[in-house]
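Protein chains: 2
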Amino acid sequence: MPKTNKTALNEKEGVSISEITNASSIKTIKNRRKKQINPEDLVSNILKKNITALSRAITLVESTSLKHQETANNIIKQCLPHANKSIRIGITGVPGVGKSTFIETFGKHLTAIGKRIAVLAIDPSSSITKGSILGDKTRMEDLVKDENAFIRPSASGSSLGGVARKTRETIILCEAAGFDVILIETVGVGQSETTVHSMVDFFLLLKLAGAGDELQGIKRGIIEMADTIVINKADGDNLSKAKLAKVEFNRALHLYPTKSSNWQPRVATCSALQNEGIDNIWKIILEYIDITTKNGFFKTKRNDQNKFWLIQTIENQLKSDFFNALEIKEALKNQIQLIENNQTTPFAAAEFLLNLK
Amino acid sequence: MPKTNKTALNEKEGVSISEITNASSIKTIKNRRKKQINPEDLVSNILKKNITALSRAITLVESTSLKHQETANNIIKQCLPHANKSIRIGITGVPGVGKSTFIETFGKHLTAIGKRIAVLAIDPSSSITKGSILGDKTRMEDLVKDENAFIRPSASGSSLGGVARKTRETIILCEAAGFDVILIETVGVGQSETTVHSMVDFFLLLKLAGAGDELQGIKRGIIEMADTIVINKADGDNLSKAKLAKVEFNRALHLYPTKSSNWQPRVATCSALQNEGIDNIWKIILEYIDITTKNGFFKTKRNDQNKFWLIQTIENQLKSDFFNALEIKEALKNQIQLIENNQTTPFAAAEFLLNLK
Numbered sequence: 011m012p013k014t015n016k017t018a019l020n021e022k023e024g025v026s027i028s029e030i031t032n033a034s035s036i037k038t039i040k041n042r043r044k045k046q047i048n049p050e051d052l053v054s055n056i057l058k059k060n061i062t063a064l065s066r067a068i069t070l071v072e073s074t075s076l077k078h079q080e081t082a083n084n085i086i087k088q089c090l091p092h093a094n095k096s097i098r099i100g101i102t103g104v105p106g107v108g109k110s111t112f113i114e115t116f117g118k119h120l121t122a123i124g125k126r127i128a129v130l131a132i133d134p135s136s137s138i139t140k141g142s143i144l145g146d147k148t149r150m151e152d153l154v155k156d157e158n159a160f161i162r163p164s165a166s167g168s169s170l171g172g173v174a175r176k177t178r179e180t181i182i183l184c185e186a187a188g189f190d191v192i193l194i195e196t197v198g199v200g201q202s203e204t205t206v207h208s209m210v211d212f213f214l215l216l217k218l219a220g221a222g223d224e225l226q227g228i229k230r231g232i233i234e235m236a237d238t239i240v241i242n243k244a245d246g247d248n249l250s251k252a253k254l255a256k257v258e259f260n261r262a263l264h265l266y267p268t269k270s271s272n273w274q275p276r277v278a279t280c281s282a283l284q285n286e287g288i289d290n291i292w293k294i295i296l297e298y299i300d301i302t303t304k305n306g307f308f309k310t311k312r313n314d315q316n317k318f319w320l321i322q323t324i325e326n327q328l329k330s331d332f333f334n335a336l337e338i339k340e341a342l343k344n345q346i347q348l349i350e351n352n353q354t355t356p357f358a359a360a361e362f363l364l365n366l367k
Numbered sequence: 011m012p013k014t015n016k017t018a019l020n021e022k023e024g025v026s027i028s029e030i031t032n033a034s035s036i037k038t039i040k041n042r043r044k045k046q047i048n049p050e051d052l053v054s055n056i057l058k059k060n061i062t063a064l065s066r067a068i069t070l071v072e073s074t075s076l077k078h079q080e081t082a083n084n085i086i087k088q089c090l091p092h093a094n095k096s097i098r099i100g101i102t103g104v105p106g107v108g109k110s111t112f113i114e115t116f117g118k119h120l121t122a123i124g125k126r127i128a129v130l131a132i133d134p135s136s137s138i139t140k141g142s143i144l145g146d147k148t149r150m151e152d153l154v155k156d157e158n159a160f161i162r163p164s165a166s167g168s169s170l171g172g173v174a175r176k177t178r179e180t181i182i183l184c185e186a187a188g189f190d191v192i193l194i195e196t197v198g199v200g201q202s203e204t205t206v207h208s209m210v211d212f213f214l215l216l217k218l219a220g221a222g223d224e225l226q227g228i229k230r231g232i233i234e235m236a237d238t239i240v241i242n243k244a245d246g247d248n249l250s251k252a253k254l255a256k257v258e259f260n261r262a263l264h265l266y267p268t269k270s271s272n273w274q275p276r277v278a279t280c281s282a283l284q285n286e287g288i289d290n291i292w293k294i295i296l297e298y299i300d301i302t303t304k305n306g307f308f309k310t311k312r313n314d315q316n317k318f319w320l321i322q323t324i325e326n327q328l329k330s331d332f333f334n335a336l337e338i339k340e341a342l343k344n345q346i347q348l349i350e351n352n353q354t355t356p357f358a359a360a361e362f363l364l365n366l367k
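Same order as they appear, the protein sequences are chains A and B. With positions in the first sequence counted from 1, the corresponding number in the numbering used here is that position plus 10. With positions in the second sequence counted from 1, the corresponding number in the numbering used here is that position plus 10.
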């Protein structure tokens with residue numbers, strides 16, 4: 011009896027090999043092995059501007075799996091020395107202002123002059139509705155087909171902070187993949203503008219002429235954040251109204267104190283639909299980059315943004331650790347009741363709760 | 011030899027008793043014993059509207075001594091069931107708007123109609139300069155002599171949060187001492203308006219006509235907090251300008267969405283110097299109290315304010331505990347350096363620091 015016969019599979023002649031070793035399973039297993047993520051390979055492919063590798067890395071960043079997050083952190087760390095070289099532009103404006111059309115036209119203008127651009131989005135509502143801006147890529151028909159453009163819908167997440175973190179990490183990956191300009195769209199809901207403002211170099215506010223829109227903007231403090239206000243749809247019958255709005259916004263902007271960037275915010279008009287005034291906006295941005303690079307503000311702002319995110323992340327974690335602890339949740343309810351009954355003060359209650367931990 | 015002679019003090023005749031037992035020391039010790047604070051006595055005297063007892067309790071609240079703070083907490087707890095019955099009014103406006111004159115005239119009006127009023131202040135700058143608004147009581151010559159008025163300068167403290175806590179606790183003591191109206195002045199520096207707004211029922215913004223002041227107010231979000239804007243110095247040559255400003259502010263206020271209080275903020279003119287329009291302001295406040303008491307907003311707002319202070323106090327403590335820890339201070343510097351060198355991200359750095367604690 012030859013030694014080979016010792017294997018159980020060959021014990022009886024005529025018995026086919028076990029199911030698990032059938033051709034289909036082997037293929038699946040091989041495919042899985044192939045899919046096994048090798049961070050070093052991914053990084054090296056990202057640096058080679060491979061879009062598939064970039065997309066896979068972003069998927070890891072967005073994953074809720076702890077293992078994926080560890081791999082993502084590893085990849086981001088390796089990408090960091092190659093990041094930070096793009097111009098990061100935030101774009102906001104109320105629904106209907108024409109953000110998608112603007113990004114499409116502006117993006118096409120940039121790729122036409124040889125830039126590689128990435129389009130990301132911050133959409134806090136997507137974590138609730140599971141919908142997403144940029145989700146409907148058909149709204150950017152031309153840009154989506156452009157090989158020098160990369161469009162990625164908003165990450166979803168349980169909180170705006172979570173979405174923001176994923177977007178910031180995605181920026182790093184996109185920069186490592188050699189994108190020159192990162193456009194970050196925001197829906198203009200809740201705190202999303204502030205969040206985007208805290209991660210971009212240049213903040214662009216899209217507006218329409220008329221409609222009392224101006225005052226709403228002032229109220230929400232968005233105008234103060236804008237490095238440039240662009241009045242869109244300045245075409246046809248709308249043109250003279252847009253020019254008037256430009257004068258008004260310019261006057262309003264001059265009432266604000268000079269920014270620490272030494273940059274006097276601009277007002278421009280454009281028609282994204284008819285591709286008019288788009289080159290001028292890019293010129294304004296380049297001028298901004300030039301001025302703020304020379305006076306050091308560009309670097310200072312990025313450092314400040316990094317510190318902001320560092321502190322924010324820590325503070326959010328401290329708070330959620332505290333308030334999510336079971337013993338605190340119970341005791342908090344009780345203390346609030348005591349406060350309402352005039353049996354304790356908010357300060358005494360705070361001390362009591364802090365002593366529980 | 012009698013036993014008593016064994017004491018050293020009596021060993022030699024004619025030697026006077028030791029220094030420590032001299033008359034002056036005995037007096038000092040007796041006085042100290044007298045001053046020993048008995049919380050129960052203080053509380054019972056506060057409830058009897060005794061101003062000396064109130065002042066001593068406030069001094070305990072403001073003390074940095076841990077022992078005093080414990081006594082203060084005890085006193086506040088006993089006062090709580092007797093508190094919450096006043097109308098708390100916040101008064102703000104830029105320097106020069108006439109806050110002191112307004113408070114003097116308004117305060118005198120209130121005492122004249124039988125109200126007992128307490129005037130407090132929030133002055134974050136006083137913790138730095140050790141100066142204080144209301145410190146110069148001569149600015150309110152008449153009110154300071156009024157036995158139905160109690161004026162207390164701003165507490166000093168190392169932080170606005172600390173000053174705010176002391177002021178909120180002082181409000182409770184004043185209410186227990188039977189004051190009907192608490193006026194809280196703010197200097198309008200930094201976050202002081204927001205702080206005062208979060209501890210009053212009614213927020214009154216003093217303005218002057220003209221001077222582009224309007225837009226500055228809009229910018230800082232103060233106008234949105236105001237329940238009523240009062241244009242002061244509406245007298246003499248200024249009268250027509252003040253009336254015009256009233257129209258303009260009214261128009262501006264109508265552009266803001268209705269508040270959850272269902273209260274449409276008012277604009278009034280007055281001349282504190284000439285005691286004109288003061289009674290009208292009190293009428294407006296009573297109308298506000300009436301409306302918000304009936305629709306439940308008054309109580310809801312106070313509950314929300316209590317919760318706000320509870321959460322704020324806890325969060326501030328969590329942050330200061332974390333960031334003041336020696337090991338964190340060192341590591342934080344190091345992590346910030348790594349971020350600036352593109353060797354880590356704010357998020358990875360945050361995780362690293364959180365794991366240290």
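Be a bit skeptical, because a hint or two may be false.
[Said to hold, decoys possible] Just a few of them, taken from the derived set where beta-carbon distance is under 7 Å, the chain A residues facing chain B:
1. 58
2. 83
3. 163
4. 270
5. 273
6. 319
7. 335
8. 338
9. 339
10. 348
11. 352
12. 355
13. 356
14. 357
15. 364
16. 366
It is worth saying that the hints were derived from the structure and are not from the lab. Cβ coordinates follow ideal geometry from the N, Cα and C atoms, glycine included.
Tested hints:
1. 58: Violated, about 20 Å.
2. 83: Holds, about 6 Å.
3. 163: With a closest approach of 21 Å, the residue 163/A hint is violated.
4. 270: Status violated, d = 16 Å.
5. 273: Residue 273/A check fails; min Cβ-Cβ to chain B is 18 Å, beyond 7 Å.
6. 319: At 4 Å from the nearest chain B Cβ, residue 319/A passes the 7 Å test, so the hint holds.
7. 335: violated, 12 Å
8. 338: Violated, because the Cβ-Cβ distance from residue 338/A to chain B comes to roughly 9 Å (cut-off 7 Å).
9. 339: Since chain B brings no Cβ nearer than about 13 Å to residue 339/A, farther than 7 Å, the hint is violated.
10. 348: violated, 10 Å
11. 352: Hint holds; residue 352/A Cβ to chain B Cβ min 5 Å, cut 7 Å.
12. 355: holds, 6 Å
13. 356: holds, 4 Å
14. 357: holds, 6 Å
15. 364: Holds, about 5 Å.
16. 366: violated, 11 Å
The earlier numbered hints that this structure contradicts are 1, 3, 4, 5, 7, 8, 9, 10 and 16.
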